[in-house]
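Enquirer: Please model the complete structure; the sequences and the hints are all you need to start from.
The chain contents come next:
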Amino acid sequence: MSRHRLVRVALTAAALAFLGLFLALPLAAVFAKALERGAGAYADALRDPDARAAVRLTLATAAVAVPLNTLFGLCAAWAAAKFEFRGKRLLMTCMDLPFSVSPVVSGLLFVLLFGARGLFGPYLAAHGVKVLYAFPAIVLATLFVTVPFVARELIPLMEAQGTEEEEAAVTLGASGWQTLWRVTLPNVKWGLLYGVILCNARAMGEFGAVSVVSGHIRGQTTTLPLHVEILYNEYQPVAAFAAASLLALLALVTLALKALVEWKSGETARATRRPA
Amino acid sequence: MNIEVRGVTKAFGGFVALRDLSLTVPSGELVALLGPSGSGKTTLLRVIAGLAAPDAGQVLFDGRDTTARSARDRRIGFVFQHYALFKHMSVFENVAFGLRVRPRDRRLPEAAIREKVTALLRLVQVDWLADRRPSELSGGQRQRVALARALAVEPSVLLLDEPFGSLDAKVRLELRRWLRRLHDEMHITSAFVTHDQDEALEVADRVVVLNEGRVEQTGTPEEVYDHPATPFVYQFLGSVNLFRGRIEAGRTLIGDGAVALPGPAPAAAGSAAVYVRPHLLEIHRHPEGESHFKAVVGRLVPSGAVVRVELTTEWGESVQVEASRERARSLELRTGEEVFLVPHDVKVFHHPGR
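Just so you know, the protein sequences line up as chains A and B, in that order.
Residue numbering for the first sequence follows this note's numbering, beginning at 236 and increasing consecutively.
Residue numbering for the second sequence follows this note's numbering, beginning at 630 and increasing consecutively.
Warning: the hint list may mix true and false statements.
Derived list of chain A stretches under chain B, where covered just means 3 residues or more per stretch with a C-beta under 8 Å from a C-beta of chain B [said to hold, decoys possible]: (1) 388–402; (2) 409–419.
Subject to a maximum C-alpha distance of 20 Å in a straight line, what follows is the list of computed EDC-like cross-link-like pairs (lysine to aspartate or glutamate) [claimed, not checked]: (3) B:K799 x B:D855; (4) B:K923 x B:E961; (5) A:K499 x B:E765; (6) B:K976 x B:E852; (7) A:K424 x B:E961; (8) B:K976 x B:E946; (9) B:K976 x B:E877; (10) B:K716 x A:E497; (11) B:K716 x B:D756; (12) B:K716 x A:E469; (13) B:K745 x B:E791; (14) B:K716 x A:E399; (15) B:K745 x B:D760; (16) B:K716 x A:E401; (17) B:K716 x A:E402; (18) A:K424 x A:E502; (19) B:K745 x B:D756; (20) A:K317 x A:E394; (21) A:K268 x A:E469; (22) B:K799 x B:D825; (23) B:K716 x B:E765; (24) B:K716 x A:E394; (25) B:K976 x B:D855; (26) B:K923 x B:E943.
Quick caveat, the hints were computed from the structure, so don't treat them as lab data.
By construction, the Cβ of each residue, glycine as well, lies at the ideal position given by its N, Cα and C atoms.
Expert: Structure below.
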């Protein structure tokens, strides 16, 4: 065996060992722990009313946050890629804010806004609207944290595609809507899907920001990640890991979808990049 | 449809692309907008199309002001430089696009759309490619599809941006002849942008030469080539030799006053720029005619049917001559030899008093 090959094998082995130790092993441990007392206990943990409420809340939160951020991402990407305007750079920088701010700070931000002594708190309390420690705050915090995913995915894609196809559509008599539905969206569909998948994974998995604004009311304001934490702190490892296994499954499904979308979009990109 | 552009100005930040520009494209003609890059020709086309709004001035279609109308409502066909075909649609759907996005009350039934698209694809000779994606086509085929797509909406004006710019030389030649024939059949008012003078002179009924956002000259290909209005036009349309000269006592002198050119000259004395095209200078072994001057042969470069001869005049200006292969062979020119040059047609641009 040559030295060169030896180095290659060693490096590959090191990388695989690292991946095994820090990714595969913990993932396996989650499922092992969850199924420690058998499938019956696992099913019971998931059938628990609080667990089911947590799943419902997580799904509801994602169901509101993901479409809204998809819409916002599309608008922002459209504005950034197809138009030149003042403050464009500032908008782009602001969009990255959720990435650079700790989720706990993001959560506190909403406490400052909607808390009892917060900016809008007294007004909301006077009108009987409950935001903080309720569903609205959980959705807002999730929205904030997941703002960049769709937009960041779409902006480079749309910028690379330019505006010629849209201009062509307009000269052919298409309205703004027709141009969007028939030309712009089909051209970015894989990038959009990719952004939505990542956005969804984060929306369902968010812990820090949601933890600050949720109030941890069992069966009412605990999302799945919060539910896992509560169970774990109460020394119920099987139930905690059973709930955690759902999140792990979500991660695996996300990975599979992501790989599929990457493969599909790569295929289209190759097809369109063939030389003229 | 007659197009009129009146006093149009358009700037991008500090760069002024069009300066108070006016021109007319007569109904049914094929007009070339010819100019170097940065001359504003593409911006002008986009202003006519309604894809760019002028800062000042008007665009009139058949005498009606259309400046405020959107590109969607101008009934134009626009062929983009890089075709801008819809990547995710088949060739057929690309051509059908303009018919499918019509409001429901004006939309043709599906069968009529299919019939029309098929006929258009046959017209541009790519009907056998109907099911392909644009990425599977060659450049020339894409260009034909882009043209069919523009024609599908029955535009009253056809605008083409560098229609042959990104094609290889042979396809370009073939396609521009074909475009000319197509125009002769359809007589749709058309304007195309090009930086290639051969293309403009060969294809167009009328050539508009643009420079730095202004019209330098408008005319038939013969007019602009044979009677260039400005030094820019003369230089831009084909290669050219420039001699610095003077006008004195009704004669045009070049070479520090040593050589008088034939023909009448303006009465007022002053400096002059004298242009001669390389194929209008003749090389002789002996003095010939009343106007000739000596030059030393430098490099000889065979180029297709002609030989380009680079020479230096007796007063030190370099000059290029194009001679036919036969002529060059019979002269048996060698580098370093002294010969006589006879100008056959010169163009003098006169600056009185300078």
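Enquirer: Would you mind marking each hint as holding or not holding in the structure?
Expert: Hints, verified against the model:
1. For the stretch 388–402 of chain A, the stated coverage by chain B is satisfied: 3 residues place a CB nearer than 8 Å to a CB of that chain, which reaches the threshold of 3.
2. Coverage of a stretch by a chain is defined here by at least three residues with a beta carbon nearer than 8 Å to that chain's beta carbons; for the stretch 409–419 of chain A and chain B the count is 5, and the condition holds.
3. With a C-alpha separation of about 27 Å, the suggested pairing of B:K799 with B:D855 is violated against the 20 Å cut-off.
4. A distance of roughly 17 Å separates the Cα atoms of B:K923 and B:E961; the hinted pair therefore holds under the 20 Å criterion.
5. At roughly 18 Å between alpha-carbon atoms, A:K499 and B:E765 fall within 20 Å of each other, so this suggested pair holds.
6. Of the pairs offered as hints, the one joining B:K976 and B:E852 holds, with about 14 Å between alpha carbons and a cut-off of 20 Å not exceeded.
7. Proximity of A:K424 to B:E961 is assessed by CA-CA distance (about 68 Å); at most 20 Å being required, the pair is judged violated.
8. Taking the CA atoms of B:K976 and B:E946, the gap is about 17 Å. The hint holds against a cut of 20 Å.
9. At roughly 16 Å between alpha-carbon atoms, B:K976 and B:E877 fall within 20 Å of each other, so this suggested pair holds.
10. With a C-alpha separation of about 18 Å, the suggested pairing of B:K716 with A:E497 holds against the 20 Å cut-off.
11. For the hint pairing B:K716 with B:D756, the CA-to-CA distance comes to about 18 Å; that is within 20 Å, so the pair holds.
12. In summary, the hint linking B:K716 to A:E469 is not supported, as the alpha carbons are separated by about 57 Å, beyond the 20 Å threshold.
13. A distance of roughly 27 Å separates the Cα atoms of B:K745 and B:E791; the hinted pair therefore is violated under the 20 Å criterion.
14. Between B:K716 and A:E399, the direct Cα distance comes to roughly 12 Å. Compliance with the 20 Å bound is thereby established for this hinted pair.
15. In summary, the hint linking B:K745 to B:D760 is supported, as the alpha carbons are separated by about 16 Å, within the 20 Å threshold.
16. Between B:K716 and A:E401, the direct Cα distance comes to roughly 12 Å. Compliance with the 20 Å bound is thereby established for this hinted pair.
17. In summary, the hint linking B:K716 to A:E402 is supported, as the alpha carbons are separated by about 14 Å, within the 20 Å threshold.
18. About 13 Å separates the Cα atoms of A:K424 and A:E502, which keeps this hinted pair within 20 Å; it holds.
19. As the CA atoms of B:K745 and B:D756 are separated by approximately 12 Å, the hinted pair is consistent with the 20 Å bound.
20. Restraint check: the Cα-Cα separation between A:K317 and A:E394 comes to about 7 Å, which is no more than 20 Å; the hinted pair holds.
21. A distance of roughly 16 Å separates the Cα atoms of A:K268 and A:E469; the hinted pair therefore holds under the 20 Å criterion.
22. Distance check on the hinted pair: B:K799 and B:D825 sit about 15 Å apart at the alpha-carbon level, within 20 Å; holds.
23. Restraint check for B:K716 and B:E765: the C-alpha separation of about 10 Å stays at or below 20 Å, so the hint holds.
24. Note on B:K716 and A:E394: the hinted pairing holds, with a Cα-Cα distance of about 16 Å set against a maximum of 20 Å.
25. The hinted pair formed by B:K976 and B:D855 meets the criterion: a straight-line CA distance of about 9 Å does not exceed 20 Å.
26. The straight-line distance between the Cα atoms of B:K923 and B:E943 is roughly 6 Å, inside the 20 Å bound, and the hint therefore holds.
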